[in-house]
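Trainee: From just these sequences and the hints, can you work out the full model?
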Amino acid sequence: MSHNASINDATPASDQTSSDAQASATPAPVLEVSGLAQRVTSGEGRLTILEDLELAVQAGESVAIIGASGSGKSTLLGLLAGLDSPSEGDIRLFGSSLAGLDEDGRAALRAGQVGFVFQNFQLLPTLTALENVLMPLELAPQGDIEAQARDWLTRVGLGERLDHLPRHLSGGEQQRVAIARAFVAGPGLVFADEPTGNLDTATGERIAELLFTLNRERGTTLILVTHDLTLARRCDRCLNLEAGKLVEWKDEASAPAVATPQGGDDV
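The numbering used here numbers the first residue of the sequence shown as 1 and each following residue consecutively.
Careful, some of the hints might be misleading.
[Unchecked claim] Capping the alpha-carbon separation at 16 Å, the derived lysine to aspartate or glutamate pairs in EDC-like fashion look like this:
#1 LYS245 <-> ASP102
#2 LYS250 <-> ASP236
#3 LYS245 <-> GLU44
[As the list claims (entries may be wrong)] Label pairs and their calculated CB-CB ranges:
#4 GLU248 <-> ALA37: 18 to 28 Å
#5 ARG233 <-> GLY171: 34 to 44 Å
#6 GLU138 <-> ALA37: 28 to 38 Å
#7 GLY143 <-> THR201: 36 to 46 Å
FYI, nobody ran anything at the bench for these hints, they're computed from the structure. Where a beta carbon is used, it is the ideal one built from N, C-alpha and C, also for glycine.
Mentor: Structure follows, in structure tokens:
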């Protein structure tokens with residue numbers, strides 16, 4: 001009897017061990033948001049921009065955040081990246097709560113782990129394409145950083161434009177430099193804010209293809225803000241920001257109407 005009891009007792013323990021192992025093997029989200037709110041005070045009183053947002057993004061996932069101009073997309077992106085602090089809620093980036101970090105701590109967390117692509121490129125005008133791409137590597141140099149920067153510019157099709165200043169590059173070329181700069185340090189997460197917003201349709205399509213190719217090939221998590229539903233549909237998930245809330249849409253019937261931006265303005 002005692003022998004049978006020991007077998008019966010052992011079986012649940014084995015199942016529990018297996019269950020615990022599976023749970024521990026499940027990776028934590030790259031980005032996790034809970035109870036996020038952002039409010040500002042204006043001449044008209046207290047304005048709520050974001051309210052009680054929840055979000056989890058897994059490694060290698062591509063997520064689009066869409067919404068009308070002024071809906072708060074850029075505000076949300078700044079909060080997710082730790083560039084600003086929320087009124088309420090918690091944001092965990094690579095498992096670390098941003099609330100427990102000061103500005104220097106958030107910058108240190110982003111270094112080497114987070115890349116950015118902006119609508120207006122944000123290249124330093126007095127630096128060449130090569131020098132712009134070198135900047136993230138100079139923060140934590142490992143190996144031949146110039147060779148790494150050259151390699152990335154070659155990957156994005158600018159191997160012959162290394163020594164050109166931004167003003168001597170087209171808009172599409174400048175955005176390719178920005179993409180090379182975003183990916184050169186091997187980040188786990190790239191934020192892209194209207195990455196095709198200042199480009200013509202054909203150039204924008206090439207830039208989008210480059211972003212998603214890098215997302216797939218390198219397993220880099222991609223979170224992009226856009227007004228372009230065609231671009232958003234290429235992501236694994238699309239979230240619409242409306243009235244301070246994020247709502248996921250999964251089919252054309254529920255696709256939101258997104259106004260074309262005028263001058264790229266956003267809250």
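Trainee: For each hint, tell me whether it holds in the structure or not.
Mentor: Evaluated hints:
1. LYS245 <-> ASP102: violated, 27 Å
2. LYS250 <-> ASP236: Distance ~10 Å between LYS250 and ASP236 Cα, so the pair holds.
3. LYS245 <-> GLU44: At roughly 21 Å apart (the allowed maximum being 16 Å), GLU44 and LYS245 break the hint.
4. GLU248 <-> ALA37: 18 to 28 Å: Given a distance of about 19 Å, which is inside 18 to 28 Å, the answer is holds.
5. ARG233 <-> GLY171: 34 to 44 Å: violated, 23 Å
6. GLU138 <-> ALA37: 28 to 38 Å: About 37 Å separates the Cβ atoms of GLU138 and ALA37, which means 28 to 38 Å holds.
7. GLY143 <-> THR201: 36 to 46 Å: Cβ of GLY143 to Cβ of THR201: about 39 Å, so the range 36 to 46 Å holds.
Checked against the numbered hints above, the structure violates hints 1, 3 and 5; every other hint is satisfied.
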